[in-house]
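Using the sequences provided together with the hints, build the complete structure.
2 protein chains.
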Amino acid sequence: MTLVLSIEEQREILDMKSVLDALEILYREQAVGRAVTRPRSDIIAPNQTGVYGLKTMDGVVPAFDVGAVRINSDVITWPKVGASKRRVKVPAAPGNRWVGLVLLFSVSNGEPLAIFPDGYVQRMRVGATSGLGAKFLARKDSKVLGLIGSGWQAGAQLLAACEVREIEKVVVYSPTRENLLNFVEDMANQVGVEVMAADSAEAVAAEADLVLCATNSIQPVFDGTLIRSGQHLGCIKNCELDVNAFKRIDRIVVHSQDTGPKHLVMEAAESHGGDRGWDESHGDIDWNGVPTLAQLVAGEAEGRQSSTEVTCFANNLGLGIQFAAVGAKLLQIAREKGAGHELPTEWFTQTVHP
Amino acid sequence: MTLVLSIEEQREILDMKSVLDALEILYREQAVGRAVTRPRSDIIAPNQTGVYGLKTMDGVVPAFDVGAVRINSDVITWPKVGASKRRVKVPAAPGNRWVGLVLLFSVSNGEPLAIFPDGYVQRMRVGATSGLGAKFLARKDSKVLGLIGSGWQAGAQLLAACEVREIEKVVVYSPTRENLLNFVEDMANQVGVEVMAADSAEAVAAEADLVLCATNSIQPVFDGTLIRSGQHLGCIKNCELDVNAFKRIDRIVVHSQDTGPKHLVMEAAESHGGDRGWDESHGDIDWNGVPTLAQLVAGEAEGRQSSTEVTCFANNLGLGIQFAAVGAKLLQIAREKGAGHELPTEWFTQTVHP
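Top to bottom, those sequences are chains A and B.
If you count by my numbering, then the first sequence holds residues 1 to 354, one letter each, in order.
If you count by my numbering, then the second sequence holds residues 1 to 354, one letter each, in order.
Check before you lean on any hint, since a few could be wrong.
Copies of the same chain are indistinguishable here, so a pair counts whether it falls within one copy or spans any two.
[Unchecked claim] In silico SDA-like links for lysine to any residue, alpha-carbon gap of 20 Å or less:
#1 Lys262 with Pro39
#2 Lys89 with Pro46
#3 Lys247 with Thr308
#4 Lys262 with Ser18
#5 Lys80 with His353
#6 Lys140 with Ala206
#7 Lys140 with Ile252
#8 Lys262 with Arg248
#9 Lys262 with Ser41
#10 Lys89 with Val243
#11 Lys247 with Met266
#12 Lys140 with Asp65
#13 Lys262 with Arg34
#14 Lys89 with His353
#15 Lys262 with Gly33
#16 Lys89 with Val352
#17 Lys89 with Asp65
#18 Lys17 with Thr308
#19 Lys140 with Ser106
#20 Lys89 with Thr345
Quick caveat, the hints were computed from the structure, so don't treat them as lab data.
Structure (structure tokens):
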């Protein structure tokens, strides 16, 4: 049977620790060449309201007996919110919903194992990847987490950081005060540590041992001159850190050496081409030769060498193998708990040669 | 609602003429840059029985309001059948079934429109692509179709050729006599023309105006010295035609200038690497600058210039946009006829940001 799992069902059964565990195994597999990932590609085409994006990435991890395909079918706009320009996906599908899917297949016999919306796993994998960066790069005695951003992704950053370090206090800044206060209240209820709103990125930087950016801004939200000795930095998009930050960092580790997704843009959508800039905003940085998270986790690349080093985990691009690893974990737990609902595998298989 | 359509339901409602029509519109769109396709990629990894392959391709065609992702999840072996080596996909999924899927999404609002097994559309798109090659390259007075191969794909070649030319007789050769005779009987019942078994590829070549190869051989099945003046040739894999054939051809048009899919091979599966050779078997031919089917259909590339030219349509690689175009047509007809069964779109969409 092919399992369908709603976001609510996923949220109920898959916690941050499970995701961190699955990804740590994954990176050890990747480091020895036992995982293969096909870099993300984006087809960008015009539609009536602006731009349509069809994004896909694939990965196979035999150790988990899973191959995964992640698909996003997005209606995209670029509004300006306050001073910063954002890239916003519109929930344009019926019922004001977003469209992203993960499909899991068996490496042993090819069968479709599961199909489910991607949003929860995406959030958890972004958080956990950042968390593993912090686990292997941040000072062991880090106590204060600084967060820039108070949206959907910021929460997962907080959960992951609290799993990998004994965080005692979280200081958060985001420009829309109402969102910030709601986030602080919500997260304080979820984790057993103090969560406080800050008035500025400066205030966050002044206090934090780790500074993690998790926004949908396509312009810098963190000024490198604020960095203090010994801090660890993270971001979900490289453009969140400004060029000064990259200059100040002593040790950087990337998720992938790919500089960005492969874009295939229809000419009629080219007018929006400049707005894709967030992917290439630090295009002048050559990631070749920069250690990867897989190398770091496997002990093939050095972690922090002193308490004063400024470290950074960047280029947190999604990889198909992450959806294979986290998807396999989700599937395992769902089967144990009887979660989700099953569809006949015959709907998704065939008696004719493909 | 998201439509699920079985192979049987697809076969009932989608005929070759509809597929030819949809693809001809597609190529005109592609020729003017109004269709974007992401070249096929294959992840190849080891499994317990040999090799697992996860193959994907994507395409967006705004004119049809459809984006498509095609996924194949294959267990692959390379047995030797008679004198020739073949690449065989094992129906290893529960119930001895193959696994290939097409997912269709709306360009307007992103919603998942349909999900269905790919085998029937795959067969029809290979046949119709070859058929369009013949429509624009074969002699208008072509009466005799020669076929090399008697499997699943060969039937679609026959159907397509009979749609684009007034074929009066079909001559077929394949090495396993029983398969050949079954095919001849079966196809004679489907089309209103004489279908005959031949004893050899030589016998086919001696009589045919068009020679179409449609086998799963990864070695040549047609010897170029057999070619007669004015013939049109086609193949579903370039390696079916030998090097002599490519030397003898006066005018060649390709489906895509890509020399082959992008393979990402896990080292432990490298022992099978040489067997992927069918993709690169004519790797010494440079397709750059060779006209594409899109250019030919749109009148941007010249077709046949005389009754004596030897023409060829080659490199019939699958393109994501074909699954978008044929999928859109299938969906349109299915809606008109109320075919398939609908699943709640909410299963495949989400209220959280992906």
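Requested in this report: Sort out which numbered hints this structure fails and list those numbers smallest first.
Outcome: 4, 8, 10, 11, 12, 18 and 19
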